[in-house]
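Residue numbers (our numbering), protein chains in the order written: chain A, 1 to 351; chain B, 1 to 351; chain C, 1 to 351.
Fair warning: there could be bad hints in the mix.
As the list claims (entries may be wrong) - When the alpha-carbon atoms are kept at most 30 Å apart in a straight line, the in silico DSSO-like pairs for lysine-lysine are as follows:
(1) A:Lys335 x A:Lys347
(2) B:Lys335 x A:Lys335
(3) C:Lys48 x C:Lys15
(4) A:Lys347 x C:Lys335
To be verified - Per the computed footprint, the stretches of chain C lying under chain B, defined by three or more beta-carbons under 8 Å from a beta-carbon of chain B, are:
(5) 22-34
(6) 90-102
(7) 154-166
(8) 207-221
(9) 237-243
(10) 256-268
(11) 329-342
Honestly, the hints are just simulated from the structure, not real lab data. Glycine included, every Cβ here is placed at the ideal spot set by N, Cα and C.
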Amino acid sequence: MDTSFTISALAAIVKPRQIRGDDSLTVTKISALGDAGPGDLTFLGNPKYRSQVADSDASVLLLPADYDETPAAGQCFLIVENPSVALAQICARIEQSLWPRPTPGVHPSAVVAESAQIAESATIGPLCVVEDGAMIGERSHLQAQVFVGRSAVVGADCWLAAGSHLATTCELGARVRLHGGVIIGADGFGYEVVEGRHAKVPQVGIVHVGDDVEIGANSTIDRARFSRTEIGEGTKIDNQVQVAHNVVIGRHCVLCAQVGIAGSTTLEDYVVMGGQSGAAGHIRVAKGTQVAGRGGLTANITDPGLVYSGMPAMPYRLERRLVILQRRLPDLFKKVDSLLNDLEELKKASA
Amino acid sequence: MDTSFTISALAAIVKPRQIRGDDSLTVTKISALGDAGPGDLTFLGNPKYRSQVADSDASVLLLPADYDETPAAGQCFLIVENPSVALAQICARIEQSLWPRPTPGVHPSAVVAESAQIAESATIGPLCVVEDGAMIGERSHLQAQVFVGRSAVVGADCWLAAGSHLATTCELGARVRLHGGVIIGADGFGYEVVEGRHAKVPQVGIVHVGDDVEIGANSTIDRARFSRTEIGEGTKIDNQVQVAHNVVIGRHCVLCAQVGIAGSTTLEDYVVMGGQSGAAGHIRVAKGTQVAGRGGLTANITDPGLVYSGMPAMPYRLERRLVILQRRLPDLFKKVDSLLNDLEELKKASA
Amino acid sequence: MDTSFTISALAAIVKPRQIRGDDSLTVTKISALGDAGPGDLTFLGNPKYRSQVADSDASVLLLPADYDETPAAGQCFLIVENPSVALAQICARIEQSLWPRPTPGVHPSAVVAESAQIAESATIGPLCVVEDGAMIGERSHLQAQVFVGRSAVVGADCWLAAGSHLATTCELGARVRLHGGVIIGADGFGYEVVEGRHAKVPQVGIVHVGDDVEIGANSTIDRARFSRTEIGEGTKIDNQVQVAHNVVIGRHCVLCAQVGIAGSTTLEDYVVMGGQSGAAGHIRVAKGTQVAGRGGLTANITDPGLVYSGMPAMPYRLERRLVILQRRLPDLFKKVDSLLNDLEELKKASA
Numbered sequence: 001m002d003t004s005f006t007i008s009a010l011a012a013i014v015k016p017r018q019i020r021g022d023d024s025l026t027v028t029k030i031s032a033l034g035d036a037g038p039g040d041l042t043f044l045g046n047p048k049y050r051s052q053v054a055d056s057d058a059s060v061l062l063l064p065a066d067y068d069e070t071p072a073a074g075q076c077f078l079i080v081e082n083p084s085v086a087l088a089q090i091c092a093r094i095e096q097s098l099w100p101r102p103t104p105g106v107h108p109s110a111v112v113a114e115s116a117q118i119a120e121s122a123t124i125g126p127l128c129v130v131e132d133g134a135m136i137g138e139r140s141h142l143q144a145q146v147f148v149g150r151s152a153v154v155g156a157d158c159w160l161a162a163g164s165h166l167a168t169t170c171e172l173g174a175r176v177r178l179h180g181g182v183i184i185g186a187d188g189f190g191y192e193v194v195e196g197r198h199a200k201v202p203q204v205g206i207v208h209v210g211d212d213v214e215i216g217a218n219s220t221i222d223r224a225r226f227s228r229t230e231i232g233e234g235t236k237i238d239n240q241v242q243v244a245h246n247v248v249i250g251r252h253c254v255l256c257a258q259v260g261i262a263g264s265t266t267l268e269d270y271v272v273m274g275g276q277s278g279a280a281g282h283i284r285v286a287k288g289t290q291v292a293g294r295g296g297l298t299a300n301i302t303d304p305g306l307v308y309s310g311m312p313a314m315p316y317r318l319e320r321r322l323v324i325l326q327r328r329l330p331d332l333f334k335k336v337d338s339l340l341n342d343l344e345e346l347k348k349a350s351a
Numbered sequence: 001m002d003t004s005f006t007i008s009a010l011a012a013i014v015k016p017r018q019i020r021g022d023d024s025l026t027v028t029k030i031s032a033l034g035d036a037g038p039g040d041l042t043f044l045g046n047p048k049y050r051s052q053v054a055d056s057d058a059s060v061l062l063l064p065a066d067y068d069e070t071p072a073a074g075q076c077f078l079i080v081e082n083p084s085v086a087l088a089q090i091c092a093r094i095e096q097s098l099w100p101r102p103t104p105g106v107h108p109s110a111v112v113a114e115s116a117q118i119a120e121s122a123t124i125g126p127l128c129v130v131e132d133g134a135m136i137g138e139r140s141h142l143q144a145q146v147f148v149g150r151s152a153v154v155g156a157d158c159w160l161a162a163g164s165h166l167a168t169t170c171e172l173g174a175r176v177r178l179h180g181g182v183i184i185g186a187d188g189f190g191y192e193v194v195e196g197r198h199a200k201v202p203q204v205g206i207v208h209v210g211d212d213v214e215i216g217a218n219s220t221i222d223r224a225r226f227s228r229t230e231i232g233e234g235t236k237i238d239n240q241v242q243v244a245h246n247v248v249i250g251r252h253c254v255l256c257a258q259v260g261i262a263g264s265t266t267l268e269d270y271v272v273m274g275g276q277s278g279a280a281g282h283i284r285v286a287k288g289t290q291v292a293g294r295g296g297l298t299a300n301i302t303d304p305g306l307v308y309s310g311m312p313a314m315p316y317r318l319e320r321r322l323v324i325l326q327r328r329l330p331d332l333f334k335k336v337d338s339l340l341n342d343l344e345e346l347k348k349a350s351a
Numbered sequence: 001m002d003t004s005f006t007i008s009a010l011a012a013i014v015k016p017r018q019i020r021g022d023d024s025l026t027v028t029k030i031s032a033l034g035d036a037g038p039g040d041l042t043f044l045g046n047p048k049y050r051s052q053v054a055d056s057d058a059s060v061l062l063l064p065a066d067y068d069e070t071p072a073a074g075q076c077f078l079i080v081e082n083p084s085v086a087l088a089q090i091c092a093r094i095e096q097s098l099w100p101r102p103t104p105g106v107h108p109s110a111v112v113a114e115s116a117q118i119a120e121s122a123t124i125g126p127l128c129v130v131e132d133g134a135m136i137g138e139r140s141h142l143q144a145q146v147f148v149g150r151s152a153v154v155g156a157d158c159w160l161a162a163g164s165h166l167a168t169t170c171e172l173g174a175r176v177r178l179h180g181g182v183i184i185g186a187d188g189f190g191y192e193v194v195e196g197r198h199a200k201v202p203q204v205g206i207v208h209v210g211d212d213v214e215i216g217a218n219s220t221i222d223r224a225r226f227s228r229t230e231i232g233e234g235t236k237i238d239n240q241v242q243v244a245h246n247v248v249i250g251r252h253c254v255l256c257a258q259v260g261i262a263g264s265t266t267l268e269d270y271v272v273m274g275g276q277s278g279a280a281g282h283i284r285v286a287k288g289t290q291v292a293g294r295g296g297l298t299a300n301i302t303d304p305g306l307v308y309s310g311m312p313a314m315p316y317r318l319e320r321r322l323v324i325l326q327r328r329l330p331d332l333f334k335k336v337d338s339l340l341n342d343l344e345e346l347k348k349a350s351a
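Extracted from the complex, chain A is given alone in its bound form (with noise of 0.2 Å):
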């Protein structure tokens, strides 16, 4: 962050109730309430930290309404309805001075078939890749490396970061963003045994991706065997994750990073899928299931909104209950053993 900002320009963005204390300060930073010091921005997120506010060195607060001490001398706080949303403000303006709208046009350096569509407010960067017949909509901006392969579609709005790919015939919608290293559209792993040897089984389909998704860096999607793999609207991705093919994610999923999802599942919409879970392939999974991280599915989930942990997955209070018993397998084998004793005992005493 390159960004400074004064007391007088947090306020424009902020719009605070009060401004309260040295309001000449100026900040560059932004810092948890734990770790800010002077010349940083901090933050009441949550009443549990109120006691850390009065002990903090930072320049600057963003404090709720209730909060009605004074400032330290070169301290000001400003008292906002909710500090969160305050700094999320603080935040996106500080996104817009990181990554600029930028002109459009298409860099000298790219390379772009004659048959591609560039919309004119779409932006395509240095050493950019788009093959014949490909779409680029109104205001999608390829930053730099981007391949977009024959034919492939990408929606109006998009952010391609540098290094991501979007393979032949591929779709994405609106408002699509796709992190370094994502390859939207390789083949589906699929093969049949043919003397021995592993043929391949052409993968002729495609990926379609629903409007407002974004995909985190190196997450790999694969393009169906015929017909479409698909993203649902408004589902979030995580990085290096992998969606096989012919799987179809609803809408507003989350899939944390290293997820991995096999050929032809279904996930319903608003599923959560944990970091380093995964579901076996040709699986329906209801909507709103959450799995917990390093969870596996490994067959249907039919009731909607439940909680899923383990591997295999089962209900995660289950789950929960069984890791303790677990943990008490040692004690266990004890008493069993001298539950023997005892009875052998018992047996001869009563002979």
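Since the structure of chain A is provided, determine the placement of chains B and C on it from the hints.
What follows is chains B and C alone, placed relative to chain A:
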């Protein structure tokens, strides 16, 4: 898929025994039997879905010889020996239109060293880099933005997707396919602790990839410490697979997505590793071993052809049994407690 | 390895105490003791393989001072203090030939902003992009197709492999090595649910990578929500590792392949994470903690220097014991059933 097929075009590809119904139709999409609608081509790939054929709205259906019903109005049946094979033939035709044979030659935007040897029939796409002394074989195709390092060798008829990387001195056999973001030949992960710091162990071996290998998007195969990391002929590797230095993978193995193989491990021929599974370092895995998804091999497997699962991996049937018994642990704990009570009472009674 | 070494060339590098046998030989390859044949150089790195030396067909062997046998005809022994160190010295020499120091300067095909500051001794390879205000330090080398975003900083003596990415405003210290496909500074994964949709939380912090860090192929380190994600000095990260936003990794840590660290977690110095292991978000892991492969940390670790394994992770010895007891569960269930029977009979008898 931007291709459309008339009945006569389809017939020319699949050579049906019989065309039954409306032979004036055109299809523009392939769909699964349960999803297909007007304008779609579908097929009966599995006899268990036979009853769905009568309800299908698909325009054209590939059906086996023993299917003797009559098509609906505006529908056409192509009766073939094997509907799955017929579909694959059509997909192969579509594949050619998705990835037509490129024109041989070096794109003017590619940066190719003078000392590199590029076969006349090879295609070097836009913005590729081919360094000193590298060799690119006959008919091989570097799609775009590919990197081939110093003295690396690409055999004949290879396909290197946009953004794939072959590091210095590494070698690909013939007909190798690398998908986007594949990194062949990054340094193996080796350090020695010297005075509390990790000192790098030079990694000067290579990666050798055999004929007919396919490697999925964003997978990584590290170069050997010395000598070579090997991927055997005909092996197929899915997306986001990690193969560490000095690993030897046999012929015709299958590594599903997100598998990790630690350093110096050997997989013999025909080993299959399920999604997110792994193998520890310095172990040997017998021919034809199969590891279920998420399974973790931690020791040598000496008997060939067996199935393993769980972490640490154990024989599949044992692991299945343990999973079931674990879910009965709450009952077992209760049983043992009640046994203790009963025994206590019995003791009192007999005292 | 396209290098060959004569005995005198080898002797100049390793400075042997003694050269025993045929000193006219040339080697063209390094192999492990068990694999080496004529023309190969090998070494006795571990005393337990001592008996293999006599059977070896290697042309040249690096052997310790206490090895006093005589070489076969056409064989040469180089007697050295420490054969492993001697091998590393030879490998370091080969390393220089594999990656010779590049000529300083900017390749004409690179796209470098006028406002970027490139040290005179730095090398910017073909088809790299360096954006406005970025700084590239002395002797640093961007191999090819590298992306360095606006105002990002690369320290001195760094090596950025082909296709690595350093996003806007992120920072590398000195002697940092990034392998192919590494993405530093993609957005952290943060959303707030607003009316059933995931609204993006801006991610405006940076990633700061300390001196002497190495990061493996296709690993991803996300930028902080605000402030910084940190990778401490001397830490080594393998391939396909995911480090989420606001994570702090201490100095001299080791993260093996496919590890995932969730958001806002702190690893203190000298933490070692085995392959495919992970750590949940918002936890703190004490200095020198070691996590076995596939282990999953889900809570704070406060005692330093201990070993954990399993999911959820527990002390290593406990986990080993539980694994063994779990395999005895079938027996335990049988025992308890027979106990129940015996008790039943005893009850009847005493009634």
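Taking 30 Å as the top limit, are the C-alpha atoms of Lys347 (chain A) and Lys335 (chain C) close enough?
-> Holds - the C-alpha atoms of Lys335 (chain C) and Lys347 (chain A) are around 17 Å apart, at most 30 Å.
If you draw a straight line from the CA of Lys335 (chain A) to the CA of Lys347 (chain A), is it 30 Å or shorter?
-> Distance ~18 Å between Lys335 (chain A) and Lys347 (chain A) Cα, so the pair holds.
Mind checking, does the segment 22-34 of chain C have 3 or more residues with a CB under 8 Å from chain B?
-> holds (count 4)
Claimed coverage, the segment 207-221 of chain C by chain B - three or more beta carbons nearer than 8 Å | Contact hint for the segment 207-221 of chain C vs chain B: holds, 5 residues under 8 Å.
Within 8 Å of chain B (C-beta), three or more residues of the segment 329-342 of chain C = Contact hint for the segment 329-342 of chain C vs chain B: holds, 7 residues under 8 Å.
With a cut-off of 30 Å on the C-alpha distance, tell me whether Lys335 (chain B) and Lys335 (chain A) pass.
-> Satisfied, since the Cα-Cα distance of roughly 12 Å is no more than 30 Å.
Given as covered by chain B, does the segment 154-166 of chain C meet the bar of three residues or more with CB within less than 8 Å?
-> holds (count 3)
Within the assertion that chain B covers the segment 90-102 of chain C, do at least three residues meet a Cβ-to-Cβ distance smaller than 8 Å?
-> Satisfied; 6 residues make the cut.
Quickly compare the C-alpha distance for Lys48 (chain C) and Lys15 (chain C) to 30 Å and report which way the hint goes.
-> holds, 25 Å
Examine the segment 237-243 of chain C: at least three residues should have C-beta closer than 8 Å to a C-beta of chain B.
-> Coverage by chain B holds here, the residue count being 3 at a Cβ distance below 8 Å.
Confirm or reject the coverage of the segment 256-268 of chain C by chain B under the rule of 3 or more residues with a beta carbon closer than 8 Å to the chain's beta carbons.
-> holds (count 3)
Of the numbered hints stated above, none is contradicted by the structure.
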